[in-house]
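Could you build the full structure based on these sequences and the hints that come with them?
Line by line, the protein sequences give chains A and B.
Mapping of the first sequence onto the numbering used here: residues 2 to 315, in sequence order.
Mapping of the second sequence onto the numbering used here: residues 2 to 315, in sequence order.
Be aware that a few hints might be false.
From the structure, some residues in chain A lie toward chain B, with a derived Cβ separation under 10 angstroms [what the hints assert, rightly or not]:
(1) Arg210
(2) Arg252
(3) Asn304
(4) Ile307
To be clear, the hints were calculated from the coordinates, so they are not data collected in a lab.
Since the model is a prediction, treat every value here as computed from it, not as a measurement.
Ideal placement from N, C-alpha and C gives every residue a C-beta, glycine not left out.
Number of protein chains: 2
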Amino acid sequence: MRISPLHTGGLALGVTLVIATVTPAQTPTPTATPVPGTMAAVLAAAKPADWRGLDPDDTLYLDLPAGRVVLELAPAFAPDHAANVKALVREGYFDGLSVLRVQDNYVTQWGDPDGDDEKKRREVRKAKPTLPAEFDRAISADLPFVPLSDGDLYAPEVGWTFGFPTGRDPKAGKTWLTHCYGALGSARGNAADSGGGTQLFVVIGHAPRHLDRNITVFGRVVQGMDLLSALPRGPGALGFYETPEQRVTIRAMRVAADVPASERVALEILRTDTDAFRALIEARRSRREDWFKYAVGRIELCNVPIPVRPAQNR
Amino acid sequence: MRISPLHTGGLALGVTLVIATVTPAQTPTPTATPVPGTMAAVLAAAKPADWRGLDPDDTLYLDLPAGRVVLELAPAFAPDHAANVKALVREGYFDGLSVLRVQDNYVTQWGDPDGDDEKKRREVRKAKPTLPAEFDRAISADLPFVPLSDGDLYAPEVGWTFGFPTGRDPKAGKTWLTHCYGALGSARGNAADSGGGTQLFVVIGHAPRHLDRNITVFGRVVQGMDLLSALPRGPGALGFYETPEQRVTIRAMRVAADVPASERVALEILRTDTDAFRALIEARRSRREDWFKYAVGRIELCNVPIPVRPAQNR
Chain A
2 MRISPLHTGG LALGVTLVIA TVTPAQTPTP TATPVPGTMA AVLAAAKPAD WRGLDPDDTL
62 YLDLPAGRVV LELAPAFAPD HAANVKALVR EGYFDGLSVL RVQDNYVTQW GDPDGDDEKK
122 RREVRKAKPT LPAEFDRAIS ADLPFVPLSD GDLYAPEVGW TFGFPTGRDP KAGKTWLTHC
182 YGALGSARGN AADSGGGTQL FVVIGHAPRH LDRNITVFGR VVQGMDLLSA LPRGPGALGF
242 YETPEQRVTI RAMRVAADVP ASERVALEIL RTDTDAFRAL IEARRSRRED WFKYAVGRIE
302 LCNVPIPVRP AQNR
Chain B
2 MRISPLHTGG LALGVTLVIA TVTPAQTPTP TATPVPGTMA AVLAAAKPAD WRGLDPDDTL
62 YLDLPAGRVV LELAPAFAPD HAANVKALVR EGYFDGLSVL RVQDNYVTQW GDPDGDDEKK
122 RREVRKAKPT LPAEFDRAIS ADLPFVPLSD GDLYAPEVGW TFGFPTGRDP KAGKTWLTHC
182 YGALGSARGN AADSGGGTQL FVVIGHAPRH LDRNITVFGR VVQGMDLLSA LPRGPGALGF
242 YETPEQRVTI RAMRVAADVP ASERVALEIL RTDTDAFRAL IEARRSRRED WFKYAVGRIE
302 LCNVPIPVRP AQNR
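The following block contains the structure:
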């Protein structure tokens with residue numbers, strides 16, 4: 002029987018490097034010279050300037066009993082939501098609240114289990130309880146756009162702005178953050194202005210792109226996705242948990258800037274406005290790893306990885 | 002604060018009904034008259050003939066400690082793999098083996114933890130250890146195709162054949178099963194013919210469509226996805242578990258036909274060659290539920306749900 006390590010390993014070339022570099026505690030494994038034209042080769046050749054750090058003022062930590070989720074905010078797309086969630090975080094709104102809902106192939110959502118109970122729910126003190134929607138915003142010169150030329154089913158144009166996967170409609174003059182895996186949004190009720198950040202969700206399944214422009218997306222997970230995606234699915238309708246025992250308690254949410262520098266998670270993200278990222282896209286359109294037998298030559302926005310690694314000492 | 006139940010519920014209209022009907026033990030909740038043009042309305046109006054049962058000879062049960070995963074085989078696309086996996090199942094090959102790997106946003110994979118050890122690995126007795134690849138097959142009249150007209154980035158044409166999401170290339174005369182969420186495939190090494198069904202995987206993340214035509218897909222999960230998608234991610238490279246304690250043991254795999262009829266999971270799947278399914282696609286292209294503010298008017302293959310419900314007494 003020809004069951005070599007490659008028998009299984011080959012399947013996963015897709016996200017190997019991202020996985021391997023996403024955990025700061027993990028020592029990178031020495032690897033053989035990567036196959037030319039692969040993501041491994043592109044990343045091996047990337048220069049220090051191809052990577053960027055996270056702005057601690059636009060980085061949130063969601064601390065769960067099992068570990069820390071690191072979220073990058075996109076204030077350029079949803080300034081009011083980004084600011085309000087930071088205000089909620091800074092008044093301790095989320096501390097001790099819970100993961101409320103995990104719906105398979107859809108979202109993990111957290112907030113106040115008593116949010117519907119006027120007497121029991123947690124008070125919003127300094128932040129705002131709700132906000133006008135920020136589903137999209139005007140295209141403008143201060144939002145540089147790196148286009149993906151492969152096309153998209155849900156938007157006239159797609160690409161990246163400040164490292165976030167985005168859609169654009171030049172005719173309407175609008176741009177928005179897309180619901181790729183790991184997208185961070187603000188849940189709402191039927192009214193467009195009924196959200197504001199007191200209940201947050203992250204996409205944990207196939208990109209529900211039909212939500213684009215229907216809800217305010219204002220960031221994305223850059224580390225710790227498995228802490229949200231591997232949670233038990235809720236037994237109730239829509240994946241809601243039904244008892245306090247089922248819910249995971251949020252230890253704390255913090256703005257990274259409010260955490261001592263020595264306790265922050267030091268990460269770097271590959272810049273999407275670089276030749277290295279363009280080479281990475283090409284490496285993923287037509288896979289050159291030995292395992293692949295057929296190269297499709299195209300790639301979908303949400304299948305383009307945005308590599309994250311521990312910050313390098315320079 | 003306007004935190005109503007809709008504040009959270011609204012977000013999930015996407016897959017509500019599928020979730021609600023996928024669990025046989027669950028009594029359907031009486032709901033208000035569904036909004037016309039929604040999936041709920043389409044399903045409420047579907048006739049008994051719009052639904053089909055599962056052929057027990059093409060249905061596998063993967064029994065894990067936490068419950069049963071139901072998998073439908075697609076022998077029309079990969080006859081040798083479907084037959085060989087049934088042969089493996091029938092000789093008890095998988096019983097007592099393990100889930101080996103859970104890689105976030107990618108795959109859950111199971112088989113023999115000692116598969117690489119010639120002395121310790123489990124013997125394949127009657128089935129074949131490897132098979133020639135069945136990555137695609139010739140388009141033919143015996144494979145009726147229900148097209149999705151919205152386009153696709155990875156295939157010239159996409160749609161459904163026998164209820165499975167498929168791609169087609171009319172110029173090449175080929176058709177294949179796509180890697181949508183829940184797709185069931187046979188892992189392999191670098192050689193195209195190095196798989197054969199002794200290690201199986203299911204897609205648990207955003208559809209890795211670049212795997213299409215690179216690996217043999219031969220079925221899909223129709224119930225119990227969360228038993229595979231919510232497992233702890235493996236700490237090793239590529240999501241592999243590293244110790245026996247981390248691995249979930251497979252109690253048994255069975256062909257449904259070999260299980261007493263009274264112990265089978267009685268499910269029905271919405272036929273994809275019906276007006277009801279065409280109406281469902283339209284309902285999902287342009288969402289009419291109150292929650293939605295923007296209708297994109299298009300849908301991607303892997304975002305079209307294929308509803309499953311407990312078999313109805315007729």
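Checked hints:
Taken as an interface hint, A:Arg210 checks out: its beta carbon lies about 7 angstroms from the nearest beta carbon of chain B, inside 10 angstroms. For A:Arg252, the interface hint is violated, the least distance from its beta-carbon to any beta-carbon of chain B being 19 angstroms, above 10 angstroms. Annotation: A:Asn304 was flagged as interfacial toward chain B, and the flag holds, the nearest CB pair being 7 angstroms apart, inside 10 angstroms. About 12 angstroms separates the beta-carbon of A:Ile307 from the nearest beta-carbon of chain B, more than 10 angstroms, and the hint is not met.
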